[in-house]
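Working from the sequences, and respecting the hints, build out all of it.
Protein chains: 2
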Amino acid sequence: MIPASLEKLVESFRLLPGVGAKSAERYALSMLDASLEDVEEFAKALLDVKTKIKTCPVCGNLTEEDKCSICSDSSRDHHTICVVQSMKDIIAMEKTNEYKGVYHVLQGLISTTKGILPEDLNIKSLLERLNDETKEIILATNATMEGETTALYLDKILSGKGVLVTRIAYGLPMGGHLDYADELTLIKAIEGRKKI
Amino acid sequence: MIPASLEKLVESFRLLPGVGAKSAERYALSMLDASLEDVEEFAKALLDVKTKIKTCPVCGNLTEEDKCSICSDSSRDHHTICVVQSMKDIIAMEKTNEYKGVYHVLQGLISTTKGILPEDLNIKSLLERLNDETKEIILATNATMEGETTALYLDKILSGKGVLVTRIAYGLPMGGHLDYADELTLIKAIEGRKKI
Numbered sequence: 001m002i003p004a005s006l007e008k009l010v011e012s013f014r015l016l017p018g019v020g021a022k023s024a025e026r027y028a029l030s031m032l033d034a035s036l037e038d039v040e041e042f043a044k045a046l047l048d049v050k051t052k053i054k055t056c057p058v059c060g061n062l063t064e065e066d067k068c069s070i071c072s073d074s075s076r077d078h079h080t081i082c083v084v085q086s087m088k089d090i091i092a093m094e095k096t097n098e099y100k101g102v103y104h105v106l107q108g109l110i111s112t113t114k115g116i117l118p119e120d121l122n123i124k125s126l127l128e129r130l131n132d133e134t135k136e137i138i139l140a141t142n143a144t145m146e147g148e149t150t151a152l153y154l155d156k157i158l159s160g161k162g163v164l165v166t167r168i169a170y171g172l173p174m175g176g177h178l179d180y181a182d183e184l185t186l187i188k189a190i191e192g193r194k195k196i
Numbered sequence: 001m002i003p004a005s006l007e008k009l010v011e012s013f014r015l016l017p018g019v020g021a022k023s024a025e026r027y028a029l030s031m032l033d034a035s036l037e038d039v040e041e042f043a044k045a046l047l048d049v050k051t052k053i054k055t056c057p058v059c060g061n062l063t064e065e066d067k068c069s070i071c072s073d074s075s076r077d078h079h080t081i082c083v084v085q086s087m088k089d090i091i092a093m094e095k096t097n098e099y100k101g102v103y104h105v106l107q108g109l110i111s112t113t114k115g116i117l118p119e120d121l122n123i124k125s126l127l128e129r130l131n132d133e134t135k136e137i138i139l140a141t142n143a144t145m146e147g148e149t150t151a152l153y154l155d156k157i158l159s160g161k162g163v164l165v166t167r168i169a170y171g172l173p174m175g176g177h178l179d180y181a182d183e184l185t186l187i188k189a190i191e192g193r194k195k196i
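So the protein sequences, as listed, match chains P and Y. For the first sequence, this note's numbering assigns the number 1 to the initial residue and increments by one for each residue that follows. For the second sequence, this note's numbering assigns the number 1 to the initial residue and increments by one for each residue that follows.
One or more of the hints may lead you astray.
A pair counts as met if it fits within one copy or between any two copies, since identical chains are not told apart.
EDC-like, lysine to aspartate or glutamate: derived pairs with alpha carbons at most 16 angstroms apart [claimed, not checked]: (1) K88 <-> E7; (2) K114 <-> E7; (3) K44 <-> E146; (4) K54 <-> E7; (5) K195 <-> D73; (6) K161 <-> E133.
Please keep in mind that the hints were generated in silico from the structure rather than gathered at the bench.
The structure is reproduced here in structure tokens:
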């Protein structure tokens, strides 16, 4: 009953994370109302992303060039490396306009349940890029079981390399209410208290 | 910071209804993990939908052929025409496996707020397809202000044409949209239809 090409487009939209049958149908039908130009650009963007994007050999970030825009930016502080799980985390960090160092993208986190081991992550290139100039490595993985495990592992293999290894702070999120915070967060917030 | 081609793909995903910056970013990044084959099929499906799909000249439904699959199905009851807003409603109706007649797709509803007038809708072809064989026209527009207005308008212009005009029962919850209703509600709505 649905034209075959529309049915195929619905199937393609269902590949997207968290998109069910109803949303996929809605997305596909919306393409009929979109301008031909927009849809052609959409199709081109899909193909471009697959053909043009590669990972930066230095940090593992996504790039279309030989080196990513952050690694090739000489105005940034190349002595400080912030280790994150994925490119999404870089986007979040950059939105703060606060961090001026460079990044290292692990492309995942150590997970026993998902069977992701340290050797599956982009860790080897982190050790390779360390040199006498490297002053600090900030471990900015998620405050979850997997993020903690990965941070602990990295701390262990980085010890003795003569570089300062730090972990981002835990505590109450800004705007958060004390009575809504979970116990572990509160314990961490008290442990991490600072003189005002 | 984000590669240009990824940025463009995020923009394209933002064209989809109800998709904000965060979801668009997530969708675009998920394409990097998808297989090249899947992404190529996605791009092809987008273009196919724009180039292959046209509206059925009889009922206004979407089709890739000269006539839509329902209009060209001789096993269906062509004496009964169910008038709906869009193709999404046909999909919903067909899922009930209850209705055996044909459809007429208005491609919208009369709306004073959106400035949609009767002449903007696919109504002329409805009047043209009426003949001595037509026994009943079921008005199956949404149970919303716009759907009701459209149903009343159609009832008015169809009166005196010697055809029975019915409205689906108000088993449909008020304010609800046809394409979100569950199948039983739709079956009840068809069974409980009344002469206006």
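- Query: With identical chains treated as interchangeable, where does the CA-CA distance between K195 and D73 reach 16 angstroms or less: within a copy, between copies, both, or neither?
  - Reply: neither (27 angstroms within a copy, 73 angstroms between copies)
- Message: Treating 16 angstroms as the Cα threshold, decide for K54 and E7: within, between, both or neither.
- Response: Cα proximity of K54 and E7: across copies only (14 angstroms, versus 31 angstroms in one copy).
- Message: With identical chains, the pair K161 and E133 could be close in the same copy or across copies; at 16 angstroms between alpha carbons, which is it: within, between, both, or neither?
- Response: Within one copy only: 12 angstroms inside a chain, 88 angstroms across chains, cut-off 16 angstroms.
- What label fits K88 with E7 when the C-alpha limit is 16 angstroms: within, between, both, or neither? Cα proximity of K88 and E7: across copies only (12 angstroms, versus 31 angstroms in one copy).
- K114 and E7: within-copy, between-copy, both or neither at 16 angstroms Cα: neither (32 angstroms within a copy, 30 angstroms between copies)
- Query: Which holds for K44 with E146 at a C-alpha limit of 16 angstroms: within a copy, between copies, both or neither?
  - Reply: Classified as neither; 36 angstroms inside a copy, 38 angstroms across copies.
When held up to the earlier numbered hints, the structure conflicts with 2, 3 and 5 and fits the remainder.
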